[in-house]
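Add 5 to the 1-based position in the sequence shown for my numbering, that's all there is to it.
Simulated from the structure, these hints should not be mistaken for lab results. Treat the hints loosely; a few may be bogus.
[Unchecked claim] Distance ranges between label pairs, derived from CB positions:
#1 K24 x L268: 47 to 55 Å
#2 I131 x N160: 28 to 36 Å
#3 S10 x G48: 38 to 46 Å
#4 S344 x I57: 18 to 26 Å
#5 Q45 x D101: 19 to 27 Å
Glycine included, C-beta positions come from ideal geometry on N, C-alpha and C.
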Amino acid sequence: MSTTSVDTKIDALAEDLRKLIPEASKEEISRKKLFGVIQQAMGQVEAPVETIWRMIMSPHAPAALNVIIRMGVLDDLVAAGKPKPAQDLGSACKVDPILIVRMMRPLVALGIFQETDVQTYDSTPISQTLVAPPLVGGYLFMFECATRSLANMPNYLESTGFQNVTGGPGPFETSHNTEDGMFQYLNKNPALMSSFNAFMSGSLETRKSWFETFPVQEILLEGASTDPDSVLLIDIGGGEGHDVEAFRRTFPDAPGKLVLQDLPPTIDNIKHLDPVIITQKYDFFTEQTIKGARAYYFRNIFHDWPTDRCVVMLKNVAAAMKPGYSKLLIFEWVIPAKSVPLYPALLDINMMAVLNGQERTEEQWIAMLGQAGLEVNKFWKAGEDSEGLIEVVLKK
6 MSTTSVDTKI DALAEDLRKL IPEASKEEIS RKKLFGVIQQ AMGQVEAPVE
56 TIWRMIMSPH APAALNVIIR MGVLDDLVAA GKPKPAQDLG SACKVDPILI
106 VRMMRPLVAL GIFQETDVQT YDSTPISQTL VAPPLVGGYL FMFECATRSL
156 ANMPNYLEST GFQNVTGGPG PFETSHNTED GMFQYLNKNP ALMSSFNAFM
206 SGSLETRKSW FETFPVQEIL LEGASTDPDS VLLIDIGGGE GHDVEAFRRT
256 FPDAPGKLVL QDLPPTIDNI KHLDPVIITQ KYDFFTEQTI KGARAYYFRN
306 IFHDWPTDRC VVMLKNVAAA MKPGYSKLLI FEWVIPAKSV PLYPALLDIN
356 MMAVLNGQER TEEQWIAMLG QAGLEVNKFW KAGEDSEGLI EVVLKK
């Protein structure tokens with residue numbers, strides 16, 4: 006086949022894609038399907054050496070973007086709503102315009118910003134989206150905590166004889182030269198904690214709720230006690246109450262009390278929460294004081310911890326559960342035994358790097374729960390790109 010013929014087909018394909026993208030983008034399922042097809046095609050077209058070089062050069066653009074954020078250039082440019090020369094950006098942000106130009110080069114190439122004239126820049130949909138507090142907070146948090154830990158991880162693992170990380174001190178502690186785990190470290194760094202909280206809040210807003218995966222009415226509400234003093238659901242380690250409040254809005258007539266449990270600093274920091282929801286200061290490594298609740302709920306807690314610490318938490322819950330009535334509901338990733346999608350695979354590495362934790366397979370969940378006298382009733386799967394709900398009961 007001649008080069009001219011191939012070029013003609015490529016041009017036709019490009020035109021077809023140009024027309025298809027707006028249509029596919031109307032439905033999220035279709036958009037993701039098209040995105041997956043394009044990604045797969047890119048993997049087939051990209052030469053192995055190009056893939057390797059892309060990975061070699063992958064840290065550079067994120068570092069440049071971090072500098073742009075810290076200098077205040079991102080906020081200034083997005084707020085301007087129009088192109089600005091580097092000289093004007095430098096004056097507004099009190100930084101070197103030459104540094105702005107150098108940092109912008111890879112970011113323009115990636116489409117994060119656009120260069121409308123020589124050394125003149127404008128925002129794009131990517132940078133306009135990035136200024137949202139959850140996203141920019143997540144970026145700053147991940148760069149400070151995860152990137153440092155990941156850069157240190159190979160040396161750390163080599164120092165252990167390449168043993169799996171099962172507890173601290175791990176990559177985070179050694180890279181940050183601290184005896185504190187990540188959460189203790191954040192408590193001593195208010196700005197970083199603020200970025201982390203914004204990140205977590207935003208990520209919860211954009212992901213599926215557990216009750217979209219699990220038949221609440223049939224399995225949880227039917228058969229639940231109608232005694233006004235009974236507890237329907239406890240959100241353990243639930244932060245500022247995003248999940249339990251969403252549950253309350255969706256099931257306003259559900260019987261029983263709703264309780265949010267977390268550590269004192271978190272509970273004290275809550276500014277907006279439905280007054281119907283009871284708050285309680287609680288450490289999940291201690292005895293669960295509320296006995297016989299219909300459901301004990303955890304979201305993205307266990308992946309923060311090595312297995313031995315998870316078993317302590319689970320035993321505390323198991324001791325409080327009422328046989329044949331109470332359920333433990335865990336909303337987390339359940340990664341497949343093979344062909345793990347990229348996002349949860351990367352998340353597992355992230356958990357190792359910053360918290361000495363891990364994502365788990367069905368087999369690992371079953372084994373860990375079994376150590377606490379619990380068993381899986383069913384894995385309720387939400388799809389490859391979302392967490393799943395693990396329905397757990399006391400062993401019979």
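What are the numbers of the hints the structure violates, in ascending order?
3 and 5
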